[in-house]
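*Asks:* So you can see what is in the structure, the chains are spelled out below.
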Amino acid sequence: MKKHYRIPKLFLRHEFILAIIMIIFGLLVNSINPVFLTAENIFDILKTSSITGMMALGVMVVMISGGMDISFTAIATVSMQVTVRLLMMLDKGNIFVAFLLAAIVGALLGCVNGFLVYRFKLPTLIVTLGTSNIFHGLLLSILRVPHLYSVPTYYFEFSKMLLFPWVNQEGFHFGLSSLTVMLFAVAFVIWVILRFTMIGRGIYALGGNIEAAKRAGFNIMLIQFFIYSFIGLTAGLASIEYVALFRHVHPFNMMNMMMNVIAAVVLGGTSISGGSGSVIGTLLGVWMLYMITNSLILMGIPSEWEPVVIGAIIILSIGINAYQKSVRKVEVKIIETEV
Amino acid sequence: MKPKFKDYVKIKSNYRELRQSLMYFSLFILVFGLMAILQPSRFFSRTNLQQLAFQVPEFGILALGMMVAMISGGIDLSIITTANLSGIISAIVLLTLSHRGTMDLGALLKGIMADEGTRQALYAAMPTGLTMIGIIILTVLTALFIGFLCGLFNGILVAWIKIPPILATLGTMKLYEGIGLVITKGSPLTGFPNEFIFLGSGSILGIPTPMIIFLLAVIAIAFLLRKTPLGRSIYAVGESPLVAQYSGLDNSNILIKTYAVTGLLSGLAAIIMMARVDSIKVGYGNSFQLQSILVVILGGVSTVGGTGNIVSVFFSILILRVISSGFNIIGFSNYMRNVIWGVLLIVVIILNTSKVSIFKKSKNKT
Amino acid sequence: MTEEFCIEMKNISKSYSGVEALNDVDISIRKGEVHCLIGENGSGKSTLIKIIAGVVTPSRKAQITINNKLYNKLTPIDSMHQGIQIIYQDLSLFPNMTVAENIAINQLLESKKQITNKRRIKEIATRALESIGIDLRLDTLVGDLPIAKQQCVAICRAITCGELLIIMDEPTSSLGKKDIDYLFNIIKTLKSKGIAILFVGHKLNEISEIADRVSILKDGISLGTYDIKELNHKKMIELMTGKTLTVSTYAREYSTEKPILEVRNLSKTSQFSDINFTLYPGEILGITGLVGSGRTELVSSIFGLNPADSGEILIDGVVTPIKKIRDALKSGICFVPEDRLSQGLFMNHTIENNITVTLLKAMLNKAGYLDIKKVRNVASDWVKDLSIKTPSIDLPVKQLSGGNQQRVVIAKWLARNPRILILDGPTIGVDVGAKEEIHRIIRELAKQGLGILFISDEASEVVKYSHRILIMKEGRIVEVINSADIFETDLLEKLG
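For the record, the sequence lines run as chains A, B and C. First residue of the first sequence: 1, per the numbering used here; consecutive thereafter. First residue of the second sequence: 340, per the numbering used here; consecutive thereafter. First residue of the third sequence: 706, per the numbering used here; consecutive thereafter.
Everything labelled a hint here was simulated from the structure, so no lab data went into it. Glycine included, each C-beta is placed from N, C-alpha and C at the ideal position. Treat the hints with caution; some may be incorrect.
Anything over 12 Å on all C-beta distances counts as not near chain A; from chain B, calculated [as the list claims (entries may be wrong)]: (1) T435; (2) I472; (3) W499; (4) I500; (5) P503; (6) A507; (7) G517; (8) D617; (9) L629; (10) I632; (11) T642; (12) F671; (13) N677; (14) G681; (15) V682; (16) L684.
Only part of the chain B face toward chain C is listed, based on derived beta-carbon distances under 10 Å [claimed, not checked]: (17) T470; (18) G473; (19) R565; (20) Y574; (21) E578.
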């Protein structure tokens, strides 16, 4: 007689498995280079990954709804330039105004995507490929000097802010960075929205069965606009975080972050075909990704290996995800009965 | 149904493809003519025509690859990095064999070619004649082979692991770029023999060599799509993988071959890239990615696959490059061009999508 | 408006680009009754229910009275507010959301509240499940449930907002007998709560079991509403098809010496078991049974689409392992699938393409590439042979009528010169005249020595157009009978 053990559902969840992998990985790397699991390093990883994390939250929302947005880095770049330059021109402003302005610019640009996707029902990947080029191209055509190396100090000051600072033996301050706190705040907000509001249900509904979502009476327009302006907003916030951390405005650096963000979201368990994804998973995915790249540095592997590793991670994690899905394939067919 | 309508429909459907091709041809003539009228001196200038003739093949071959992938219902975002990687590896083969004995690989990879004196010496020491032809053939085969491998990998990810083509090729795009970076650390590889450069910058009977290669590629792909079972099967899988399966077609097999072909074409494009500018580096041709998707959609290939006319795509390629040269003349910056391509892409898909839905509404039952 | 009716609809008409789907239809529904809407495919049933649900607007001014309120047309909101809910044939559920969320979603959307909370969702879902007496775990993902359970979820969702009328569009089309009984029990419970059910179907034995009154549609015209007591199967068929009782006209003209196909002990877990039958060259074997009896699964395994777990298939007396479609094709077995739109045809491709796509390897010329002229000739010949009405073989098949489309699918397989042809529901969605034509073609093929298997839901079709009938029930063959020895009414009884 066979005995059936019921594995608690928790253990099978993607987020749980990822967390376990992260712990094991962390321990492994730490054995090679004990600097890895020190508090300073962990807080540092949290800090530098906040930019990617912020954008990853936006990408996650789009993916859950079954879409794909590759224009977010362009939106980030534009928000960054517009905000910093405008505030410098007006010679006013502080970090909060900067964040607010960037968020608004990002959201507005995102609305363009939302409009095109909703109004014309266009395939999201190709549309955002187009808008990415339009936004970035316009920006670079207009700006004569695309780099800005001197920005007001309040940006950098913000990045130095720490919550509960400690001081270590060398007198170096470390702790939970303001950037990380921002990430947590936005993560919390989107978590609430996804979990407790009808818009959140609508996002999952769109990803699960778009026809059924229309039939059920969801306000598709509202949901699409929300999704695409949200990713724009997070891109805008991320862009100011970038300026805060790196003290300059750069026309290309954020563009190159796109693959890392997508890798993190996919690693975190969000399904590319839509319908599933979680905030915790995405955050874990971001941290996992940074753990990997951070560990490469600590292990002395030259930086040119990073893209290879990222590419391999994307393929591996999507591959596993896709293979699992094809094994337990359940399709919901739409039947359009004739007259 | 009156007889008149019936005949009209008959003619219409018999020559549907021909009509579409004619339409694109006329569009091309139109655009060409416009350019000629507006800026005759600059348009017909030597530099401009030359640039056109030499840029079309590189871009065109890449676009052909994109077309094949999109007809099968997918997309290949890795064509540029595949080309780069194929180019890099075949460049190593080329350089190693041409500079055998005079220089070691490590130095080559660091790109030490700056000194004109060294250059002359090295060129003088290169093998010539049959040996050189052999080396070039080997180089070309290497590029094609690497391209083929990259495409094969894409195909396996899509067909066996069942990863959606967007994601699979997004990942391999990064992967191939990464491998290229590891090999070259970002520096360009240069110093190719003159005989090789002929492939990209020379002419035969007045026609630039790359153009000849391009036209041969077009004929080959047209042949593949129209006159081989594989070609028709690609259309079938693109139109409906389910029906294809029910019809006894081997979808996995067909998809793998599709992406392998795309990879092969990327490898071919790499040769032309290398030969045209006497160097290869990671990042070459990045702007072509958006344009290749644009030109394929412009050419009437559906975003979901199953349909596509190579003649239309061919003329779209020409149209796009003519417009691009027009941009050169006007003096648009690279960035401005990207903006226009982006706008054009969006406009074209809007038109395509609304065309499809108009079709749906008036579903005529004969 | 009479007291007994909760919904009265008069003068309902709808045309689509000149084609009239509904012409001046009247229908009325009593409070708490089970009202069945029957009619052949193409009769307008689907359009009518969409109009009641407010999803489609009538082409001319109609008179719709619901609960004493008069409307000329309905919007989905109107319908919903009046307590009308529709359950589509595909159920329109969200596979990535839980049972509780799916059930509660309609009510949540209607309440227009932006904030949701788990407790409320749980409440709504539990209440709905309890009121019908169904037991399901609230946190299972709907995508992980079997179809019958998914349907329960869809019904629960409907009753959260449907106090007046629940419309069910062909709810039994993918259910087996046990699940159908389960469903009917639920319907009876709903009825006891005073909720009217509009049940669209075409399986007469089901109708007889569950309906109070029956409305019949034919070609967009209402043929009246009858009390179930006034009707029997014979009368229903007559009304639906306009024809009287059918008798088999197929005399046995083939030899039973050597079977072309023999199936021994074929089984596949949870689909069918212990299947044994023989098929002779020149014979038409009609396979019938309720949906869920395993018919499609059985023929799919003969075709290699769904290979069996155990048992043997013999072609011409030789044991032939069929593990993939290609094995079946090599043995000369061809399969015309049930859903020609999504399984049988490349809709955007030309007739020529569709007919020749499986033959390409055989049409190479000496140099090794496709002989285009040959391809086109083959396609043209088949168009002529099967009388496919089209001005050209370059027409995309989506522009053809249903009957002609079906012929293209058949041509596609006939072009391979099969020895055994399997047809799954070959006349679904095809009008009556074309149906006769298709069976004529099948008859001709049989005369040429092919062995034919065809699956049909319609008892009359099976009785009229086959030599022998194989009746399946719950994965097993229950009876093999000569078509000449049975009337369809009896057949229907055997199925029930």
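*Asks:* Look at each hint and say if it fits the structure.
*Replies:* Here is how each hint holds up against the structure:
1. T435: 21 Å, holds
2. I472: 34 Å, holds
3. W499: Given a closest Cβ separation of 9 Å, the condition is violated.
4. I500: Check fails; 5 Å does not lie beyond 12 Å.
5. P503: The assertion about P503 of chain B is violated, with a minimum of 6 Å to chain A.
6. A507: 7 Å, violated
7. G517: 3 Å, violated
8. D617: 24 Å, holds
9. L629: 5 Å, violated
10. I632: 7 Å, violated
11. T642: 5 Å, violated
12. F671: Its Cβ does come within 12 Å of chain A, the nearest being 8 Å, so this is violated.
13. N677: Check fails; 4 Å does not lie beyond 12 Å.
14. G681: Non-interface label fails for G681 of chain B: nearest chain A Cβ at 4 Å, not farther than 12 Å.
15. V682: 6 Å, violated
16. L684: 4 Å, violated
17. T470: 34 Å, violated
18. G473: Violated. Min distance 29 Å.
19. R565: At about 8 Å, which falls below the 10 Å cut-off, the nearest Cβ of chain C leaves the hint on R565 of chain B intact, so it holds.
20. Y574: 7 Å, holds
21. E578: It holds, given that the least Cβ distance between E578 of chain B and chain C is near 4 Å, below 10 Å.
In summary, the structure is inconsistent with hints 3, 4, 5, 6, 7, 9, 10, 11, 12, 13, 14, 15, 16, 17 and 18 from the numbered list given earlier, while agreeing with the others.
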